[in-house]
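One line per chain: the protein sequences are A, L and Z, in this order. FYI, my numbering numbers position 399 of the first sequence as 399, with every residue one higher than the one before it. FYI, my numbering numbers position 55 of the second sequence as 55, with every residue one higher than the one before it. FYI, my numbering numbers position 226 of the third sequence as 226, with every residue one higher than the one before it.
The set of hints was computed from the structure by calculation and includes no laboratory data. Take these hints with a grain of salt, some might be off.
What the hints assert, rightly or not - Capping the alpha-carbon separation at 25 Å, the derived lysine-lysine pairs in PhoX-like fashion look like this:
#1 L:Lys28 / Z:Lys69
#2 A:Lys385 / Z:Lys293
#3 A:Lys238 / A:Lys421
#4 A:Lys284 / A:Lys94
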Amino acid sequence: MQYADHISSDLIERFGPDVFRHQVTADGVLTLWTGKENIVPVVQYLKSNHYPLLYDLCGIDERDRAGKETFTLADFTVVYHLFSFRHNNFIRLKVALSGDYPSLPSITSIFQNANWYEREVYDMFGIRFEGHPHLQRLLMPLTWEGHPLRKEHPARATEMGPFHLYDEKQDLEQEMLRFKPEEWGLQSQGEDTDFMFLNIGPQHPGTHGVLRIILQLEGEEIVDAVPEIGFHHRGAEKMGERQSWHTYIPYTDRVDYLGGVMNNLAYLLAVEEMAGIKVPERVKVIRVMLCELFRINSHLVWFGTFAQDLGQLSPVFYMFTEREKIFDIIEAVCGDRMHPNWFRIGGVAQDLPKGWDRLVREFVTHFPKHLKEYNDMVLRNSLIKARTRGIGVYTLEEAIEWGVTGPGLRACGFEWDFRKKRPYSGYEMFDFDIPIAQNGDCYDRSLVRVEEMRQSLRIIEQCLNNMPEGNYKADHPLTTPPIKKHTMQDIETLINHFLNVSWGPVIPPGEAMSCIEATKGANSYYLVSDGNTSSYRTRIRTPSFAHMQMVPYISKGYTVADLLSILGSVDYVLADIDR
Amino acid sequence: MGMSLQQIVFGVLSIISIISALGVILSKNPVTSVLCLIVTFFTIAGHYIMLNAQFLAVVHIIVYAGAIMVLFLFVIMLMNLNAEIEPQKRSWLKYAGAISGGALLLVLLAALREASVSSLQPGAVEIGLISNLGKTLFSTYVLPFEVSSILFLSAMVGAVVIGKKEGHES
Amino acid sequence: MQHVWIVLGVLFVFLNIAAGLIWVERRLLALWQDRLGPNRAGPLGLFIVLADTLKLFFKEDWIPPFADKWVFILAPTVVVASVLMGLAIIPFAPGIVVADLNVGLMFFLAMSSLGVYSIVLGGWASNNKYSLLGALRGASQMIAYEVFMGLSLMGVVMLSRSFNLTEIVAAQEKIWYVFLQPVGFIIFFIAGLAETHRLPFDIPEAESELIAGFHAEYSGMKFGMFFIGEYLGISLISAMTVTLFFGGWLGPAFLPPVVWFFLKTFLFIGLFILLRASLPRPRYDQLMAYGWKLLLPLVLANLLITGAVALWLKS
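This is chain A alone, in the form it adopts within the complex (with noise of 0.2 Å):
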């Protein structure tokens, strides 16, 4: 916070007086407003200013915004979020813009990975970066009409005209099938070779999900690739605007499949910030062995589909064997597998059943020894070190560059993990170490990721041998459902109840941003709150999204093999990245 303070004079004694304005959030993060005309300056002092990460850049439509604060003057806005490792500071710029397709300066020159970010907000609000190297649509299809988070979009298929593929549409819809290497900035000839292009997906073994990567190879190896994304794009954040903030819950969970609950605590801890509640200790403790139980589970997943990337068939069904065991205790617990959607805004849904201790206690007895067979199986198999050492590597540097967080960024030796040094949701009361390596590579990644397994485990231990006694639910007015007992006193309370149960709970005006370390890296919500049933504004950062933004960077010079390893220790999730 004193930092906060710091950097804020410190920007204003450079800057000048006139330049900022401050505003206060639900959040605590320093918010300063400025003009288009001085964000790349800016961004550019806070980058050599400890503000190395670009964490966030998303927009806002602000036309309809209801009670308009003083800050949101302007018709959009345009957020962006650095933050400094050194500090262990957020801070956020916010641009207001006006007209119905405003533009402003492009920060692409400063940070790599801000490419992504901007032609994702020129995708879903038309707003244009000036300076951009490709600003093209990102996640919507070329041909998509409008742009989907402006507020006069459609937010469901019932509200559009009904669709009708003409002649002329299906043309033009086959044309834009047309491989033209131009039109993705790829060269066809080298100085004396003709390239291979060579299309990776969208239905490819190797990708895990519809992702389409174009590489451009010279005999095997890859001389440039261009992933293609967007083919699993749902409108999680669109659907934000129209769910109520009860029933977004189980949206959350499918962000990161793998993640199942984690993401409800993600989604939760920005909710809760706003509405200002505060959880008992044994729905923090609840919470976090049920993400730390998500956690081994979605390493599971991808420790048996990285060996099987690199061919080693069996470890994907020991690994599925053992994610079975996981799944049992969360169904005894919620009742559902991948997809529980069981955080509730103050709680959760339910106290834990009777007997739960005994099946975690089991499993916690036996996965470490299991989970040192699978090591010696994979790790230690020295094909296994061949394909992945010395392939994919980056250097701590260019991760923060790229906005690599999570077990890719302990792999550089950076010891950063957010459970720990920004902890939620009662991490500071749990004992556990960061596991870290040096070398940035693919086996690196992955040893970092297996030994967090381990990790995870420990935190789960505690969480069996201290749960606390208490409640499951905050006893808070906004919590879902609302909470029985408060109701039937008077017509008032009744109504009260009503409302909350039929129009969900009202979130008071305001803005916030969570931060955790989900399974992939850092996952956030921002959540922009103007006093009504359903949030205005649902940003959700993903990991993934900055990872794969990334990896056309680190294959370069590699062959097509080796993508495969980088695919496969990157780690990511098709509906993380596209939302």
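Please build the complex by placing chains L and Z on the supplied structure of chain A, with the hints as guidance.
Using the frame of chain A, we list chains L and Z on its own:
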């Protein structure tokens, strides 16, 4: 007609080998040419077997069909040659080819005109067998044999050197 | 007449083994991977063989319009034909052999060197980039490992002083060559894996990279031919390993020679499948480096030492 089985086999093999050899030079598609050449090699291996030179037949298949022609195919695949992109040959090249081919034919005819077909001697029948071949190579022809192996070795070294150099430049 | 029966018998037995391997491989993989495998059709799921074969026969036998039609059809037949020819020289028991050639071993090498055509032609004719990459990988892999395979067998030839497989088996009456030629055996088996392009050397197919590599465009029974060719190849390499290094039909008298032969062969087929269940796939250049930089010196040293010892014992 009274042809023996051997004669029938010989005739069939010869006809196939001539047809496939013509296919090599007449086919527009290089892959078809290569396939025809492989067939030719097989028929020639068949002739070796008829001469009771089993070892030669098998080595012929291993070396020519199994290794050299695979490399040919390999190169054709890599260069993506086909009839459309084959450059038009100049007309004087065609004439030159016809003349030199004709000259070669003349020489062959002149040489073979005097030749008489000697009947196979019983001793020669066994020469193609592996132990006899080995003995001959390592006694009578030991010097030429070793010299040719040195030639191969130097060719191998040369290939490696050429390959290495290109690798460094690029 | 007896000879015709032998030919038909060998064909029948090996085609059945190849088909049966569909079931064997799946069940064994399942066993090693903690799962059940096919167990529904017939006793122990044995009818999966029938179901699979029927399925292949009834699938649309599609030739892609962009493919080179005749070469596309030719490719899968080459693999089956060459492997079946290779099986002709294997002595299953005293007197039970299709062709008792005096250059049997060389004939085997010649036939296995032809197998590469199916990959090269299939990959090229498919006119698909994945197939082409698979074909290129396959061609260089198979040509390279051909060399080591041939050289690894020369030690056996030196010891038995014959290229004839029946004589080689007979020469192992006292001691199996696996004990005299352990390096030769290991390299032969590795090269055999590479020749049949089975995991860990399934680089021409490399499911997670090249989808199915050279046979990505094949369907129906033409794919089935590649499939059978692969299983026949496994059987052939296993049978050759047994013949050359494990005394062929030799074994204690309480079982007939043919039974001994097939028992040993099935052990090696099982080993093939176990390797598939356990090992990852090296990268293409690693495989080549492994061959040229490790196997080649090793096999040459083996050859020299064997030759020296053989000469020393003789003098």
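- Can you name, in rising order, the numbers of the hints this structure does not satisfy? 3, 4
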